[in-house]
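2 protein chains.
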Amino acid sequence: VPPADKMRALAPLLRSGSKIVAIGRNYKAHAKELGNAVPSAPFFFLKPTSAYITDGMAIEVPPACTELHHEVELGVVIGRGGRDIAPGEAMDHVTGYVLALDMTARSLQEEAKKAGLPWTAAKGYDTFCPVSAFIDKGRLPDPQNVRLWLSVNGETRQDGTTADMIFPIPQLIAAVSSVMTLQTGDLILTGTPAGVGPVRAGDTVECGLADGLVRMSFPVVQRRASRL
Amino acid sequence: VPPADKMRALAPLLRSGSKIVAIGRNYKAHAKELGNAVPSAPFFFLKPTSAYITDGMAIEVPPACTELHHEVELGVVIGRGGRDIAPGEAMDHVTGYVLALDMTARSLQEEAKKAGLPWTAAKGYDTFCPVSAFIDKGRLPDPQNVRLWLSVNGETRQDGTTADMIFPIPQLIAAVSSVMTLQTGDLILTGTPAGVGPVRAGDTVECGLADGLVRMSFPVVQRRASRL
Ligand SMILES: [Mg+2]
Ligand SMILES: [Mg+2]
Ligand SMILES: [Mg+2]
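Each protein sequence line maps, in turn, to chains A and B.
Using this note's numbering, the first residue of the first sequence is number 12, and each one after it goes up by one.
Using this note's numbering, the first residue of the second sequence is number 12, and each one after it goes up by one.
Derived from the structure by calculation, the hints contain no laboratory data.
Some clues are possibly wrong.
Identical copies carry no separate label here, and so any pair may be met within one copy or between two of them.
Taking lysine-lysine and the DSBU-like style, the derived pairs with C-alpha atoms no more than 35 Å apart in a straight line are [claimed, not checked]:
(1) Lys43 x Lys148
(2) Lys39 x Lys148
(3) Lys124 x Lys39
(4) Lys125 x Lys39
(5) Lys125 x Lys148
Looking at chain A on its own, in the form it has when it is part of the complex (with noise of 0.2 Å):
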């Protein structure tokens, strides 16, 4: 679990917030780097909120997987719940930003896959959800249009910009919000733009939003495998 002062630089709203909802495949070319199919309305999963962690923090590499993903996002916080929010109203309802990592337990994810069994722990293990500091609003006017990188030990793996989403956030919110009310500090995790890949313990993952509006680094360690 972080420690307490480090979670500081997460705005109030994130930190009281309940859910992580996280868009999957909402750029063609990711779709496609991993074989599936473009979605012709969005589809989402949850992560928990105690996946959290903020810049400096270590991710870590569980014991059960085998290849551990990085996926680079645009995070958008809701300030004002709601339920069957209309596209038009969306932005009404979100106070900010956040550049965040959807890290991704890929071998246990095509293992559920495979199985038809959820998504959770490949995507819901501790330290799965880092996230930048709070954004607001104002200082990301145009979030349809921005850039969003990654790189692991120096070498850029991911350069997308959120003009490239299938599915637009006004739709994202009333897609998610027609199926479960948003609150107050929760955060939608729009996808990932192509070029995810693994890290290993003793890497290094960095990462930016806009130019040097963000930018974030985790060193990865291995967790040890519990007394299970």
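Since the structure of chain A is already known, use the hints to place chain B with the ligands on it.
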């Protein structure tokens, strides 16, 4: 969203909890009735806390759902959080229980299973987690030997005992906390006994725990389509 006064029946613990972790196929007879293999280790998925309702409130049938199923389950409320909790210490982390329903859009879940997609929407709609008022640990001294039952329109559908769990509560807590840190107020749904089946708008669902320790009732209504 539930009216605030009704939700006051829930313990502060539950209201401040940030996750609901639900165990799949933890009773042999239930795994078999849906044609699934009996698992060799516990697996689980997340439900959002926005799905909580309590006694007397309406369970909604989502527009996209052609078959909504009831699953009556014992819920375990975490008092003291922890990570990599050993089975032998697990019960020290439990502060009490609730009777719960893991409402499931079975038609959507079957589609998700076939497509290798997350179970999240199928398990996560608003009103999909009815729970009783909090039951202090001391009032349920033998949680592994308690009757739970459910009826629809007065006809018994599920009548099982927690003695039939494949993995008992300490193993569930150990398994979940080896993936994600458990926090105060988190709820673990421990799986459902045999007898799951459909409910429709107009039905009344009743369920109970032990001999009159809990008894609650929920009307089933149709949720209107969103403006999507
Ligand atoms: Mg992702
Ligand atoms: Mg899931
Ligand atoms: Mg269940």
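Inset, instruction - Classify it for me, Lys39 with Lys148: is the Cα-Cα distance of at most 35 Å met within a copy, between copies, both or neither? - result: within (26 Å within a copy, 50 Å between copies)
Inset, instruction - Indicate which option fits the pair Lys43, Lys148 if close means a Cα-Cα distance not exceeding 35 Å: within, between, both or neither. - result: Intra 31 Å, inter 50 Å, cutoff 35 Å: intra-copy only.
Legend entry - Intra- versus inter-subunit Cα pairing at 35 Å for Lys125 with Lys148: neither (39 Å within a copy, 39 Å between copies)
Inset, instruction - Go through the copies and call it for Lys124 and Lys39: within, between, both or neither, with a Cα cutoff of 35 Å. - result: This pair counts as both: shortest intra-copy Cα distance 19 Å, inter-copy 23 Å.
Legend entry - Alpha-carbon proximity between Lys125 and Lys39, which holds within one copy, between copies, both or neither at 35 Å: both (22 Å within a copy, 22 Å between copies)
In summary, the one numbered hint that this structure violates is 5.
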